[in-house]
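Enquirer: So you can see what is in the structure, the chains are spelled out below.
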Amino acid sequence: MLLRGSTTTSGMVPPIDRGVPENLQTATFALG
Amino acid sequence: VGYTGGVKRSPSYRDLGDHTEALQVDFDPGQLSYEEVVGLFWQSHNPVAAPRGRQYMSAIWYGSESQRDVVDATRHELQERLEQDVTTRVLPLETFYRAEDYHQKYCLQRHHRLMSRFEVMYPDFRGIVDSTAAARLNGFAGGQGTASLLDQEKAGYGFALDELDAVIRGGL
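So the sequence lines, in the order shown, correspond to chains V and U.
Residue numbers 41 to 72, in the numbering used here, belong to the letters of the first sequence in order.
Residue numbers 636 to 807, in the numbering used here, belong to the letters of the second sequence in order.
Keep in mind that the hints were calculated from the coordinates and are not lab data.
Some clues are possibly wrong.
Residues from chain U that face chain V, not an exhaustive set, calculated with beta carbons under 10 angstroms [said to hold, decoys possible]:
#1 Tyr697
#2 Ser699
#3 Gln744
Since we're looking at a predicted model, the values are computed, not measured.
Yeah, the Cβ is synthetic: ideal placement off N, Cα and C, and Gly gets one too.
Start from the sequences and build out the full structure, keeping to the hints where you can.
Expert: Here's what the structure looks like:
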């Protein structure tokens with residue numbers, strides 16, 4: 041799996057995707 | 636988006652088992668607190684709806700005791716304010732199964748030109764699912780945000796202006 045913000049073999053990812061912090065938190069909700 | 640809360644292994648949309656349709660969001664706690672994220676959920680959700688079965692059950696799954704404390708406190712506050720029973724369940728998060736690709740970034744997927752750009756940048760679709768740019772543009776494509784906000788952050792996407800313009804105008 042590609043790391044977020046990494047350079048792919050096909051080109052650069054959007055600037056906003058680069059340097060995503062490591063300490064993200066996850067929240068989980070129902071869709072309904 | 637995906638499925639969680641049940642015991643069936645590897646659920647799918649057509650074979651959900653005892654899971655519930657759910658969404659998972661990664662956020663930077665330096666920019667936004669969990670309490671603020673939970674507050675957005677309460678605002679965009681009917682917490683007193685009658686339960687409609689497991690697939691569409693209202694729930695928040697907590698990933699830590701501190702998340703649980705926030706959910707319990709805000710749920711209690713909401714219940715007091717509404718003076719009605721909040722039906723949203725508060726449950727420990729176990730396995731979250733990602734839904735099939737065609738359910739992900741659903742509004743953005745209508746924008747074929749932008750999607751083909753993302754597919755070049757992220758040959759593995761999971762990269763698009765995890766992309767902040769894709770998540771934000773999916774929100775704009777779904778009618779959230781404003782043209783001026785998109786204009787302010789356009790440099791962060793690295794796309795041509797006409798490509799972004801279609802997202803906010805609803806053009807395809």
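Enquirer: For every hint, state whether the structure bears it out.
Expert: Now for the hints, and whether the structure bears them out:
no.	hint	in the structure
1	Tyr697	8 angstroms, holds
2	Ser699	9 angstroms, holds
3	Gln744	17 angstroms, violated
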